[in-house]
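*Asks:* Use the sequences and the hints to build the structure in full.
Residue numbering for the sequence shown follows this note's numbering, starting at 59 and increasing by one per position.
One or more hints might be untrue.
What the hints assert, rightly or not - Label-pair ranges, simulated between beta-carbon atoms:
1) 95 / 163: 50 to 56 Å
2) 119 / 77: 26 to 32 Å
3) 72 / 121: 50 to 56 Å
4) 155 / 83: 43 to 49 Å
5) 88 / 113: 25 to 31 Å
6) 161 / 124: 18 to 24 Å
7) 119 / 99: 21 to 27 Å
8) 124 / 150: 35 to 41 Å
9) 119 / 71: 32 to 38 Å
10) 113 / 77: 36 to 42 Å
Read the hints as simulated data drawn from the structure, not as lab findings.
Ideal Cβ placement from N, Cα and C applies to all residues, glycine included.
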Amino acid sequence: MANFPPRLWQSQLKRLALLCGLLFASTLLLADGMPPVLQPRAPPPALEGLAPLASTGYAYVIAHVGPVTVTHRSLNPAVTAAALTFRSLQTASLCPVTTPGEEMAIG
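*Replies:* See the structure below:
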């Protein structure tokens, strides 16, 4: 692993962290804006004479504060989008700064 001087990565790191933080927050809060339309494919168990299933300890909602709800469905894409954006933009900015032009031209 290379140890780059701080002057190479500190200039853009704050702006990139802010961008990724905004992307994370907006995806986290807005991913569940429109619930999917679900239509059951089978009749409910009560109509078939089956006993209802016991509930498990799984919680779909992680946090619910006022009108804001954070769910597992919104957390996964938020983390993925922020991490991929950070990694791709940071790599794209460090590669030209740390690699001489001759090496990039060779391949």
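*Asks:* Indicate, hint by hint, whether the structure satisfies it.
*Replies:* Taking the hints in turn, this is what the structure says about them:
Between residue 95 and residue 163 the CB atoms are about 53 Å apart, so this pair conforms to the stated range of 50 to 56 Å. In this structure the supplied range 26 to 32 Å holds for residue 119 paired with residue 77, their Cβ-Cβ distance being about 28 Å. Between residue 72 and residue 121 the beta carbons are some 27 Å apart, a value that contradicts the proposed interval 50 to 56 Å. Checked against the hint of 43 to 49 Å, the C-beta distance between residue 155 and residue 83 comes to roughly 28 Å, which is inconsistent with it.
Roughly 29 Å separates the CB atoms of residue 88 and residue 113, a value that falls within the hinted 25 to 31 Å. Range check, residue 161 to residue 124: Cβ separation about 53 Å, and the 18 to 24 Å hint is violated. Taking the beta carbon of each, residue 119 and residue 99 are about 25 Å apart, inside 21 to 27 Å as hinted. Residue 124 and residue 150 have their C-beta atoms about 38 Å apart, which keeps the hinted 35 to 41 Å range intact.
As the Cβ distance of residue 119 to residue 71 is approximately 33 Å, the hint placing it in 32 to 38 Å holds. Residue 113 and residue 77 have their C-beta atoms about 41 Å apart, which keeps the hinted 36 to 42 Å range intact.
Hint compliance for this structure: hints 3, 4, 6 are broken, all remaining hints hold.
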